[in-house]
Amino acid sequence: MTVLPYLVSGWLFLVGCYGLVTSRNLVHTVACLTVTQSATYVLLLAVGFRAGATAPVFSDVPVGSRVVDPVVQALSLTDIVVSATITALLLALTIQIYKRHGTVNPDELRALRD
Amino acid sequence: MMLLIFLALGLVAVAGTVVVLTREPARQAITLSVFGLTLSILFVTVQAPDVALSQLAIGTAVVPLMIMLTIQKVDGRR
Amino acid sequence: MSPRWRLVLFVVVAPAFAVLFFLAARGLPSFGADIHPYGDRAVAVAARQRATANVVSSVNFDQRAVDTLGEEFILFGSVIGTLMLLRAAPEEREVGRRGAGRVLPTTRLAGYLLLPVTVLVGLYVIAHGQLSPGGGFQGGVVLATGWHLLYVAGRYAALRRATPPTLLEVVESVSAAAFAAVGLAGLVVGGGFLANVLPTGTFGELLSGGTVPVLNAAVGVAVTAAVVLLLAAFLEQAVVLRRTDGPDQR
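Listed in order, the protein sequences are those of chains A, Z and S.
Per our numbering, the first sequence starts with residue -16, numbered consecutively.
Per our numbering, the second sequence starts with residue 169, numbered consecutively.
Per our numbering, the third sequence starts with residue 22, numbered consecutively.
With the rest of the complex left out, here is chain A:
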């Protein structure tokens, strides 16, 4: 049971990669990439969890209470916001590809190149 959260993270990574590999539409590819990315959040927060502890915010609990690891939370927090802008960049590339080639199917795009 104690490795289960880490395994969920690994599962998300693999299932996202499966989506990336079998994708027929670049928009779908981008969404699968966000699933792959979320594996890192789950892994980080699972590593930082401490049983029976509260959130690392001392507005309601006294200083010195047992809290979970704030460092991994800070990491995943900024990563989530930055990942949204990266997703925006990838979607903008998708729109640009559609404007140039009239398709967003990676295999049709490859056929255009050959």
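To be clear, the hints were calculated from the coordinates, so they are not data collected in a lab.
It is possible that some hints are incorrect.
[To be verified] Reference listing, derived: stretches of chain A covered by chain S, where coverage requires no fewer than 3 residues with Cβ under 8 angstroms from a Cβ of chain S:
1) -10 to 1
2) 11 to 19
3) 66 to 80
[What the hints assert, rightly or not] Which chain A residues face chain S? A few, computed with CB under 7 angstroms, are given here:
4) Thr(-15)
5) Val(-14)
6) Ala29
7) Asp52
8) Val54
9) Gln56
10) Ala57
11) Ala94
All residues carry an ideal CB built from backbone N, CA and C; glycine is no exception.
Following the hints, complete the assembly by docking chains Z and S onto the known chain A.
Below, chains Z and S without anything else, positioned relative to chain A:
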């Protein structure tokens, strides 16, 4: 508490799989939004309210919205 | 690589990754264990020395602020890249909103009612970043998405008038520069880049944590401007711009 965490983990694993297996992008934007919601539930249960808030705003609103708008542009005239 | 070979490669590599990942996970401290050396040190510094109640904000904007500066510039760079890619192409021109833009009166009412509430919540979340869960990153996103309730309410024209891109680009750049400027102030006054040079104040008060609220506000403004610019660019592509000559079927 542990039970809630494992429940949320199960939800996340199922929702992530559903997102990947949803082949049609317009439907996928919706499942992605639900996946984002399950993730933020998980983050609340592992005592990470900051991350949950961030995930809620980004994962259930901004990213699905941008995907919807991209689909509108890409498939709009077919 | 053809789709078939891609799948073959995945089928070969994925089980190998799964086995290695499982072995690695077995080696990690078990879930919920009590071994968090970095976390314990971060908590001690934040609560006892820097008077910052929200330790996550303390890590983001004080103890590891250099990382956040990096994130800030990734944000900046990807917004610039997206805006460049989503410029209107020469053969595109603006057409009116398609589909006549009929909005249900209830949807319109919900949009109008929720707009001030969401903007207020966004500002609150930014302002209390050093005290309660929240901060510049989350509050900025809430603020920017709340702003787009105007689109939900069917007032796209009003939304476009209220979000001048040039002004937002200036705001985005200035707030990113402000973050770096606070860092340089730390270099001049204190001991190093992004040193916490302001008085840390009383634990639990709104203006506690020294430079944390300042950097937090800078990030809040930067994220708000970034997300508004991104959503505006995507909305413009999806709603307004149409090619005059039909898709290019090369």
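Are there hints from earlier that the structure breaks, and if so, what are their numbers?
2, 11
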